[in-house]
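Protein sequences, first through last, are from chains A and B.
Letter 65 of the first sequence, counting from 1, is numbered 65 in my numbering, and no numbers are missing.
Letter 55 of the second sequence, counting from 1, is numbered 55 in my numbering, and no numbers are missing.
Derived from the structure by calculation, the hints contain no laboratory data.
Given the structure is predicted, the values throughout are model-derived calculations rather than measurements.
Beta carbons are placed, not taken as given, at the ideal position from N, Cα and C, and that holds for glycine.
Please note: incorrect hints may appear among the correct ones.
What the hints assert, rightly or not - Label-pair ranges, simulated between beta-carbon atoms: (1) A/Q126 with B/T21: 14 to 24 Å; (2) A/P51 with B/Q39: 18 to 28 Å; (3) B/I27 with A/G81: 28 to 38 Å.
The primary structure of each chain is shown beneath.
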Amino acid sequence: MIRVQQQDFSVEHERLLLLRPGDSGACVTFVGHVRRFSDNPQATFLLQHYPGMTEKVLQKIEQQAQSRWKLDNTCIIHRVGELKVGEQIVFVGVSSPHRAEAFAACEFMIDILKTEAPFWKKEGDQWVEARDSDNKAAEKWMR
Amino acid sequence: MAGNTISLLYFAKLADDLGVTNEQYSISEKLSLGELKLQLSQRGEQWQDLKAAHIKCALNQTLCDDNTLVKFGDEVAFFPPVTGG
Numbered sequence: 001m002i003r004v005q006q007q008d009f010s011v012e013h014e015r016l017l018l019l020r021p022g023d024s025g026a027c028v029t030f031v032g033h034v035r036r037f038s039d040n041p042q043a044t045f046l047l048q049h050y051p052g053m054t055e056k057v058l059q060k061i062e063q064q065a066q067s068r069w070k071l072d073n074t075c076i077i078h079r080v081g082e083l084k085v086g087e088q089i090v091f092v093g094v095s096s097p098h099r100a101e102a103f104a105a106c107e108f109m110i111d112i113l114k115t116e117a118p119f120w121k122k123e124g125d126q127w128v129e130a131r132d133s134d135n136k137a138a139e140k141w142m143r
Numbered sequence: 001m002a003g004n005t006i007s008l009l010y011f012a013k014l015a016d017d018l019g020v021t022n023e024q025y026s027i028s029e030k031l032s033l034g035e036l037k038l039q040l041s042q043r044g045e046q047w048q049d050l051k052a053a054h055i056k057c058a059l060n061q062t063l064c065d066d067n068t069l070v071k072f073g074d075e076v077a078f079f080p081p082v083t084g085g
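Construct the entire structure; sequences and hints are all you get.
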């Protein structure tokens, strides 16, 4: 399941939705928070996205994870619009029979999201620059 | 409405630099994305950015390269590297 939304999310609520009782022996979740990029504590933080393409890319990431590992459920939630520093911005959750698959699939999904999903961060009037370390993290799944 | 237009979308810093987020653009016939970029880049210095290697393009919401053919009614988006998550 994927969701692109302005409102916040409850990690506990989403985590429980992922579990398939009796089957899911592992549940791994990742929560990303808004970091401060500039020295201005008052700077507003904006998340822009490309509606339509964003959903397509997130669905593709889920499908790739599900075809690569044996998983019970997956979930990606990404917030857009105005956010404050420290707020939750992204949720990636995976449930599976065993922990190795859940750990790997969760890391895969956030790594690919960071380089392929069309979201852009702006703090104040400055657009945040892409990081090479994110590209390297995504590339390791292509080998 | 003329049937020979395509939708162009620009995002993030690229949209700020170009001063436009979307527009309808007339094309006379099918053309490659590379040819479209070349036409747009003739609008001025700032538009040279479209040809930069780091600027990504999507045709109908799927990433594509300069050889991809663009036809009437298509949606073409240009944007800088993504920074979500």
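Here's how the hints hold up against the structure:
Under the hint 14 to 24 Å, the C-beta atoms of A/Q126 and B/T21, about 18 Å apart, fit the expected range. For the pair A/P51 and B/Q39, the beta carbons lie near 26 Å from each other, so the given range of 18 to 28 Å is met. A beta carbon spacing of about 34 Å between B/I27 and A/G81 agrees with the range 28 to 38 Å that was offered as a hint.
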